[in-house]
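> Letter 56 of the sequence shown, counting from 1, is numbered 56 in the working numbering, and no numbers are missing.
Read the hints as simulated data drawn from the structure, not as lab findings.
Heads up, the beta-carbon is just placed ideally off N, CA and C, and yes, glycines get one too.
You can take every hint at face value.
Calculated cross-link-like contacts (lysine to any residue; reagent style SDA-like; alpha-carbon spacing at most 25 Å):
id: 1; residue 1: Lys60; residue 2: Glu93
id: 2; residue 1: Lys113; residue 2: Arg100
id: 3; residue 1: Lys60; residue 2: Lys102
id: 4; residue 1: Lys63; residue 2: Ala98
id: 5; residue 1: Lys110; residue 2: Phe39
id: 6; residue 1: Lys63; residue 2: Glu103
id: 7; residue 1: Lys63; residue 2: Arg92
id: 8; residue 1: Lys60; residue 2: Asp82
id: 9; residue 1: Lys113; residue 2: Glu46
id: 10; residue 1: Lys38; residue 2: Leu107
id: 11; residue 1: Lys60; residue 2: Glu103
id: 12; residue 1: Lys60; residue 2: Leu90
id: 13; residue 1: Lys63; residue 2: Glu88
id: 14; residue 1: Lys58; residue 2: Tyr69
id: 15; residue 1: Lys102; residue 2: His41
id: 16; residue 1: Lys58; residue 2: His87
id: 17; residue 1: Lys63; residue 2: His87
id: 18; residue 1: Lys102; residue 2: Val64
id: 19; residue 1: Lys58; residue 2: Lys102
id: 20; residue 1: Lys38; residue 2: Lys50
id: 21; residue 1: Lys70; residue 2: Ser85
id: 22; residue 1: Lys50; residue 2: Arg92
id: 23; residue 1: Lys70; residue 2: Asn56
id: 24; residue 1: Lys110; residue 2: Ala45
id: 25; residue 1: Lys110; residue 2: Glu46
id: 26; residue 1: Lys63; residue 2: Gln84
id: 27; residue 1: Lys102; residue 2: Phe39
id: 28; residue 1: Lys58; residue 2: Ser73
id: 29; residue 1: Lys102; residue 2: Lys113
id: 30; residue 1: Lys110; residue 2: Glu99
id: 31; residue 1: Lys60; residue 2: Ser85
id: 32; residue 1: Lys58; residue 2: Glu93
id: 33; residue 1: Lys60; residue 2: Ala89
Label-pair distances were calculated between CB atoms; the ranges are:
id: 34; residue 1: Glu46; residue 2: Asp82; range: 36 to 44 Å
id: 35; residue 1: Gly77; residue 2: Arg109; range: 43 to 51 Å
id: 36; residue 1: Glu46; residue 2: Gln84; range: 32 to 40 Å
id: 37; residue 1: Met111; residue 2: Ala57; range: 23 to 31 Å
id: 38; residue 1: His72; residue 2: Ile112; range: 44 to 52 Å
id: 39; residue 1: Arg78; residue 2: Arg109; range: 44 to 52 Å
id: 40; residue 1: Gln84; residue 2: Leu107; range: 33 to 41 Å
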Amino acid sequence: MRTTILTITLITAALFISGTSLAELGKMDKAEAQAKTKFDHIGLAEMYEKEANEMNAKAKEQKVLLEEYKQHSEYYGREGQDFQSHHEALLREYSRAAERNKEMAALHRKMIK
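Could you put together the complete structure from these sequences and hints?
Next up, the structure:
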């Protein structure tokens with residue numbers, strides 16, 4: 001039962017995360033292509049900063065899950081290793097995404113000047 005719930009949760013989370021990222025990516029690409037004024041770049045910088053903050057929040061959530069796993073790894077059985085590696089990968093991806101978004105925000109702030 002626990003395995004089934006964990007599997008369903010992981011699949012649902014993966015589908016939700018991938019769909020949201022692609023939609024946001026499309027919006028950002030279109031906005032970047034149309035950015036011409038100072039205010040367009042301010043808006044893009046704010047959008048990237050918001051996205052970076054969201055990715056940092058998700059990374060913190062993954063850290064909490066990993067800490068919970070490390071403290072109570074005996075509850076997870078064989079699936080525990082999969083759980084750990086999955087959440088470590090998510091943590092890496094969210095951290096990278098946050099860094100990329102911060103860099104993009106900085107670039108757009110630089111374009112304003």
